[in-house]
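One line per chain: the protein sequences are A and B, in this order.
Numbering-wise, the first sequence is residues 1 to 194 according to this note's numbering.
Numbering-wise, the second sequence is residues 1 to 194 according to this note's numbering.
Simulated from the structure, these hints should not be mistaken for lab results.
This structure is a prediction, so every number in the text was calculated from the model and none was measured.
Among the hints, erroneous ones may be present.
Treat identical chains as interchangeable: a pair holds within one or across any two.
Calculated pairs, BS3-like style, for lysine-lysine (alpha carbon to alpha carbon, straight line, at most 30 Å) [to be verified]:
(1) Lys184 / Lys20
(2) Lys130 / Lys118
(3) Lys75 / Lys10
(4) Lys174 / Lys118
(5) Lys20 / Lys189
(6) Lys130 / Lys24
2 protein chains.
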Amino acid sequence: MKAQLSKLSKRDQLIQTAVKLFAKNGIHATGVDSIVEQSGVTKKTLYAHFRTKEELVLAVLRHYDGLARNEFMRKVERRATTPRARLLAIFDFAQHWFQQHNFYGCLFVNTIGEYSGKDTPIRQICKEYKKLVKDYIHSLCQQAGVKNPQGLAEELALLLEGATVTAQVSQNPKSAQIAKRAAKALIDKALPPR
Amino acid sequence: MKAQLSKLSKRDQLIQTAVKLFAKNGIHATGVDSIVEQSGVTKKTLYAHFRTKEELVLAVLRHYDGLARNEFMRKVERRATTPRARLLAIFDFAQHWFQQHNFYGCLFVNTIGEYSGKDTPIRQICKEYKKLVKDYIHSLCQQAGVKNPQGLAEELALLLEGATVTAQVSQNPKSAQIAKRAAKALIDKALPPR
DNA sequence: TATTTTGTATACAGATCTGTATATAACTTC
DNA sequence: GAAGTTATATACAGATCTGTATACAAAATA
Chain A
1 MKAQLSKLSK RDQLIQTAVK LFAKNGIHAT GVDSIVEQSG VTKKTLYAHF
51 RTKEELVLAV LRHYDGLARN EFMRKVERRA TTPRARLLAI FDFAQHWFQQ
101 HNFYGCLFVN TIGEYSGKDT PIRQICKEYK KLVKDYIHSL CQQAGVKNPQ
151 GLAEELALLL EGATVTAQVS QNPKSAQIAK RAAKALIDKA LPPR
Chain B
1 MKAQLSKLSK RDQLIQTAVK LFAKNGIHAT GVDSIVEQSG VTKKTLYAHF
51 RTKEELVLAV LRHYDGLARN EFMRKVERRA TTPRARLLAI FDFAQHWFQQ
101 HNFYGCLFVN TIGEYSGKDT PIRQICKEYK KLVKDYIHSL CQQAGVKNPQ
151 GLAEELALLL EGATVTAQVS QNPKSAQIAK RAAKALIDKA LPPR
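Work out the full structure: start from the sequences and follow the hints.
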């Protein structure tokens, strides 16, 4: 059951395999043995690149952080041109995301859920990811000329978060439309359409 | 390190201890040995009441479902009298919840995160909980005389969900205030204050 | 008071977990 | 082409996991 990862470095094969397994089954439920088996890389090699499983987890989160934020911004900007339309396009992107067959909610949220009590570097990365997403929304609000861009960005980020969790739990992607409807009302209030 | 659970049945001692450990450390990371140790109940007794760990998990979720929803509704109704004010009081309750020292996010969301890929009865309970919370919000919307109570309930439930996750990840309870601000705008739109 | 239930205490089986050790093959690079 | 790097294959150590077995004590019930 090896994947087609021949062109990648061993390190990347491990990370990409681990991302999939962590997202689908959770971190504690995913043993390094299954990562080794499905990546087609030896355990010895894994521990040559990462000193512990936790270091692999960190690498996976950092990898996914860059990947996910990049795709988020790219797709939002492709779907609309004006800042205002882009704020709404966030939720069209979300709906598309929720419909992916391998959508298992936000990896960072799921990870925090497994490390609620502990205070490891893992938590820091998850926290940072959410901050950067909000910063991006904030920049769109600024570009749109909103009076209180921070306030609107916080509200829209909350809606996106809620829609994501709801889609994950209820297994229904329509939460994106609900969030979009609410977002439109909040945007219209913060920036009356002329 | 036994807790003071003398008045409870062995079954309840196990459930209450398990709730705490699952919430704090996650389910897969919590071994039955630690539940046994901290509850002051023998492993033999645990397996007399629950055939497997998964059955204990189910009992814990069902127990917490009743407990949490009951407290949610009770506290919301104590904080305000009119349906409209109660819709807003949801977020005051949330802020208070987020500030608890043992707040580790929503147990059901964290649980789903650990069972994303599988389709066990566990998922069903989490799904049902979210539905019942939304139904309660829906009933408040109806009582308030909102034209589209379903629509507003969906939006407010999304805000509550987003605020909860955000408070958990960013470890900052102010997300409740943000959600309340957004909720107020949405409520005012759906039910203009006279 | 005899019996059944319910619990404790503890050890164990078998699987799985993280991480390491050993020995060997392939691929760079000088 | 020799040296050094980077893999593979595989076995193992030691801990921890779920679940069971054995032997005994306490408490309720008949």
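Do the hints match the structure? See the list:
1. When the C-alpha separation of Lys184 and Lys20 is checked against a cutoff of 30 Å, the pair qualifies neither within a copy, at 34 Å, nor between copies, at 39 Å.
2. For the homomeric pair Lys130 and Lys118, the shortest alpha-carbon distances inside one copy (19 Å) and between copies (26 Å) are both at most 30 Å.
3. For the identical chains of this complex, Lys75 and Lys10 are intra-copy neighbours only, at 29 Å inside a copy versus 54 Å across copies, given an alpha-carbon limit of 30 Å.
4. With identical chains, the CA atoms of Lys174 and Lys118 are at most 30 Å apart between copies only, with a shortest distance of 21 Å across copies and 34 Å within one.
5. Taking the shortest alpha-carbon separations for Lys20 and Lys189, neither the intra-copy value of 40 Å nor the inter-copy value of 42 Å comes in at or below 30 Å.
6. For the identical chains of this complex, Lys130 and Lys24 are neighbours both inside a copy (20 Å) and across copies (21 Å), given an alpha-carbon limit of 30 Å.
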